[in-house]
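Work out the full structure: start from the sequences and follow the hints.
2 protein chains.
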Amino acid sequence: MQFTSEDIQLLDGRFRRNLINSLHGAKSIGLVATIDSNGLSNLAIFSQIFHIGANPPLIGMLVRPDSVDRHTLHNIQSQGTYTIQHIKESYYKKAHQTSARYPKEVSEFQELGLNEAYIGDFPAPFLEDAELKIGLKLRSTQTLQENGTVLVIGEVVLIDVANGALSADGFIDPQILGTIAGGGLDAYYKLEKLSRLNYAKPNLPAQELSE
Amino acid sequence: MQFTSEDIQLLDGRFRRNLINSLHGAKSIGLVATIDSNGLSNLAIFSQIFHIGANPPLIGMLVRPDSVDRHTLHNIQSQGTYTIQHIKESYYKKAHQTSARYPKEVSEFQELGLNEAYIGDFPAPFLEDAELKIGLKLRSTQTLQENGTVLVIGEVVLIDVANGALSADGFIDPQILGTIAGGGLDAYYKLEKLSRLNYAKPNLPAQELSE
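Same order as they appear, the protein sequences are chains A and B.
Each residue of the first sequence is one higher than the one before, starting from 3 at the first, in our numbering.
Each residue of the second sequence is one higher than the one before, starting from 3 at the first, in our numbering.
Read the hints as simulated data drawn from the structure, not as lab findings.
Mixed in with the good hints, there may be bad ones.
To be verified - Each computed DMTMM-like pair below joins lysine to aspartate or glutamate, with the alpha-carbon atoms no more than 25 Å apart: (1) B/K139 to A/D162; (2) A/K139 to B/E8; (3) B/K95 to A/E194; (4) B/K203 to A/D38; (5) A/K90 to A/E148; (6) A/K139 to A/D162.
Owing to the predicted nature of the structure, the values given are computational and were not obtained by experimental measurement.
Structure, rendered in structure tokens:
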């Protein structure tokens with residue numbers, strides 16, 4: 003089935019949202035945790051999370067202009083720190099539920115029966131159940147002219163990972179962590195590893211790394 | 003195992019690249035196809051692809067400052083169009099191999115035995131084997147101050163999807179397409195659907211959509 007630019011414009015809004023949100027395939031999803039100036043925690047699912055660079059270690063995420071995630075953005079901007087955790091099968095329904103429009107005075111941790119954890123003096127909460135905890139310091143925010151989406155760039159300043167998931171060469175295997183991926187606005191997928199491949203060079207066919 | 007900001011700075015470069023690239027979990031990967039002013043096609047794997055908005059329909063991707071992908075960026079900027087296709091198990095090793103530093107005068111399509119396809123008068127090539135083909139028109143490029151990475155934003159102007167993968171509500175199921183996800187710099191994962199969940203509302207527990 004084909005859709006031209008004109009077809010896309012004429013689509014029903016819900017159909018278009020599902021179609022365009024699912025277009026680029028598997029999504030990197032995560033639970034972002036923050037705390038406000040009164041000490042109230044917040045937990046929200048994000049599906050637009052991506053690597054920006056390894057040195058300095060930077061992760062980017064997009065915050066929709068009209069979403070409940072604005073509590074998250076407000077906390078990140080006012081406090082300067084936040085955390086990201088992978089989503090596992092055991093709590094993916096609760097993770098999805100964080101996208102409901104809870105009032106500002108409600109902590110999604112408490113509402114959904116998820117436990118906060120703190121590491122050292124890092125101000126933002128982590129999700130206790132997550133086997134990989136990432137602490138970030140805000141580097142910049144900018145609004146994309148195209149549609150008002152906000153690009154948040156954070157520097158990774160703390161990593162806490164279960165030992166068994168960390169390879170000798172630094173690779174963290176999301177399948178070992180039980181990490182799931184997203185699809186569209188509401189679909190969730192388990193991962194099954196095919197392989198890791200060697201560093202690609204011309205005239206050298208791709209080969210599986212032995213582990 | 004914990005890493006502080008200081009630990010991360012002191013890591014061996016290869017270990018840090020693997021660690022930080024694998025930190026945020028499953029990656030949305032795709033093959034980006036372009037053509038230059040001489041009609042030479044180019045095909046390159048990207049792992050930083052994300053949804054920006056549904057109306058207008060926008061997809062973003064990041065181009066590393068130092069990578070071979072610069073052929074792709076040059077073609078996008080000079081020609082104004084490009085395509086994205088999902089990566090399937092049947093050609094993921096070839097997709098990985100596109101990251102090798104082939105000379106500018108080599109088409110990865112030809113080098114790797116992958117066929118180009120064209121749709122109507124859309125200028126950029128598609129990958130014939132892909133069951134979802136996305137045609138984009140360049141909207142903007144901007145260089146991120148943090149590390150020189152380039153954010154490319156494109157508008158979706160053409161979608162060609164296998165009928166069986168498109169749900170009645172517009173959702174395209176990546177598992178039906180055989181789409182795989184990435185991890186770190188070199189790992190690849192098949193998807194296995196857990197479920198789609200209902201639109202989240204406070205006081206309404208997350209429920210699986212029947213399909």
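Against the structure, the hints:
1. B/K139 to A/D162: This hinted pair is violated, its Cα atoms lying about 41 Å apart.
2. A/K139 to B/E8: Holds, because 14 Å separates the two Cα atoms, which is no more than 25 Å.
3. B/K95 to A/E194: holds, 16 Å
4. B/K203 to A/D38: Within the cut-off at roughly 23 Å; holds.
5. A/K90 to A/E148: Judged against 25 Å, a Cα distance of about 33 Å means the pair is violated.
6. A/K139 to A/D162: With a Cα-Cα distance of about 15 Å, the restraint between A/K139 and A/D162 holds, given a limit of 25 Å.
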